[in-house]
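Peer 1: Chains A and B, in that order, are what the protein sequence lines are.
Residue numbers -18 to 513, in the numbering used here, belong to the letters of the first sequence in order.
Residue numbers 356 to 452, in the numbering used here, belong to the letters of the second sequence in order.
Honestly, the hints are just simulated from the structure, not real lab data.
It is possible that some hints are incorrect.
Not everything, but these chain B residues come out facing chain A in the computed CB check (under 10 angstroms) [as the list claims (entries may be wrong)]: (1) Ala406; (2) Val430; (3) Tyr451.
Even glycine gets a Cβ: it sits at the ideal position worked out from N, Cα and C.
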Amino acid sequence: MASEGAGYLGGGGGPNGLSSWIFSTDHKRIGILYLVSILSFFVVGVSLGFLMRLELISHGPTIMEASTYNSVFTLHGVVMLFLFIIPATPSIFGNFFLPIMIGANDVSFPKLNLLSWWFYMAGAALALATLALGPADTGWTFYAPYSLRTGTYVSLAVFAVFVLGLSSILTGINFVTTVHRLRAPGMGFWRMPLFVWAVYATAWIQIVATPILGVNLLLVIAERVFGIGVFDPAKGGDPILYQHLFWIYSHPAVYIMILPGMGIISEIIPVFARKVIFGYRAIAYSSLGIAGVGSLVWGHHMFVSGSSYTAGVIFSFFTFLVAIPSAIKVFNWVGTLYKGSIWLGTPFFFALAFIFLFSIGGLTGLILGALSVNVHLHDTYFVVSHFHYIKFGGAGFAFFAGLHYWLPKMTGRMYNARVANWSCLILFIGFNTLFFPMLLLGIEGMPRRYFDYLPQYSTLQIVSIVGSWVLVAGLIIMFANLLRGAFRGARTTENPWGGATLEWKIPSPPGRENFEKIPEVTKGPYDFRGLR
Amino acid sequence: MSEGGEEGRERTGYATYALVWLGLMGLTWLSVTVAGLEAGALKIAGPLVIAAIKAVFVLAFFMHLKTERGLIRWVVVIGLIAFIVSGALVFSDVAYR
């Protein structure tokens, strides 16, 4: 059943002008605002990454100078992390689906929700302004003391990240409050869909960890502008303290990226296996476990920075420990598939790709978490490959899975499944061709962030560059198909996948009000009895 | 809670706010004075203790924790635990470097 007119999307005499969108406090419209803006910045990030790879196709300057290369990889990191992958799943799907999945008509603070989006846009505008003025050349980590001394627009880039952090905190506060205060009657914590659990755990990280990054970034600005000596060793400061404060946020930020993605996978797997999810409580607890233990592992980024050996041992231990809740999830997803009546739909293919790629990312993370091995692999392509397997292969593919799973609900229209399946395959091949050679390059000693390389690395570099072309081709096909589906696809039904959570019980697209009457929840989120 | 019509909760009067503010100003003066003394380790420990006392005042009165209940208080406890654990881990580096 489709909703009358186009539901919350407008039409049928409802307001649909630009101002009705950018000043809307409807969580669904804000989700769409995030969708459009985040994907626009994703295109920018992909283009920068594509150009970086292309530059390395031959030795010496090919399409840019070394200083430009430094700026491009900095901006690629800032855009991809702070404008795309950190906010993508919580801000788009969290905004759109969290209230619906718990049986609420909106989030607790709708105006604050809109303000979050405006802060996000302001931060994005500031970050992209550096592109015109002269991008920072520090890398996305802004490490001191170089970030304190370089003549590029570091203060502006840092302030942009500060504003984006503010947006993230407000979103986190909204989600935690919403989960605690607006659950429908009967929707106890143990009846919440696992996506909600994941976003809830993520929101706590956003609230607790992001302010530390904010303070750290303000100190960088204060040091650059007023010359105070917090991080600069020449003024009595401690540059390693900068790294502590940076990674106290930025490692948990990896879980801000991946946890909601894991939530998406936990929704898709049982629906396409037509089975109650295996180990519901274990998955829910593991989300909290990842959020908690994941906040104690940041020092593994600093094994060779001059931090103490004692700290290294402690952080190495916690790094191994955090693998356990992550492995619980993977085990339970695979356990759910066992003896399931599996339906091979596009979201399921993306979910399988996620499990494979995330597993590689996780296992290479354990290699990097070992103190002695880390000394050899630190700051090599191995690290670059590892975090792309986590952030793109993991969080990115989970986001794509979510797009294919929920876009029909958001737009009321279905994409071409055959093209979508092909795009998934092309993306999978492109991704592995691009990033797997980087693991080998790293083991052979190729350092990251270098504008040039020794001839012995040429073959693997070329393979990796060809992979970037295949990956971009896959992205173009996927987004073209999704866009066409969103605007011209066939009308879809209320529940095209046979899901049991509340979003599949309302029209596609949803109406302006999610529920005419707040539902009473009487069963768990993965009880498929009576459905397809 | 001083607004929103929450029942059963005590309102904080403006006089209390003014008094707390004056107390904070006094503590700031004390902090600056202690930092200027030739007092060795006390020069650092003193202002840190004073800053902690000031934080308690701000949390209790201006952020209304004195009258808040349940989850709101837990949020502060979670923040405090995160602060202590993070601090301890940073010191595992600084103390043994």
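Peer 1: Hints first: check each against the structure and report whether it holds.
Peer 2: Hints, verified against the model:
no. : hint   : verdict
1   : Ala406 : 14 angstroms, violated
2   : Val430 : 8 angstroms, holds
3   : Tyr451 : 4 angstroms, holds
The structure shown violates just one earlier hint, number 1.
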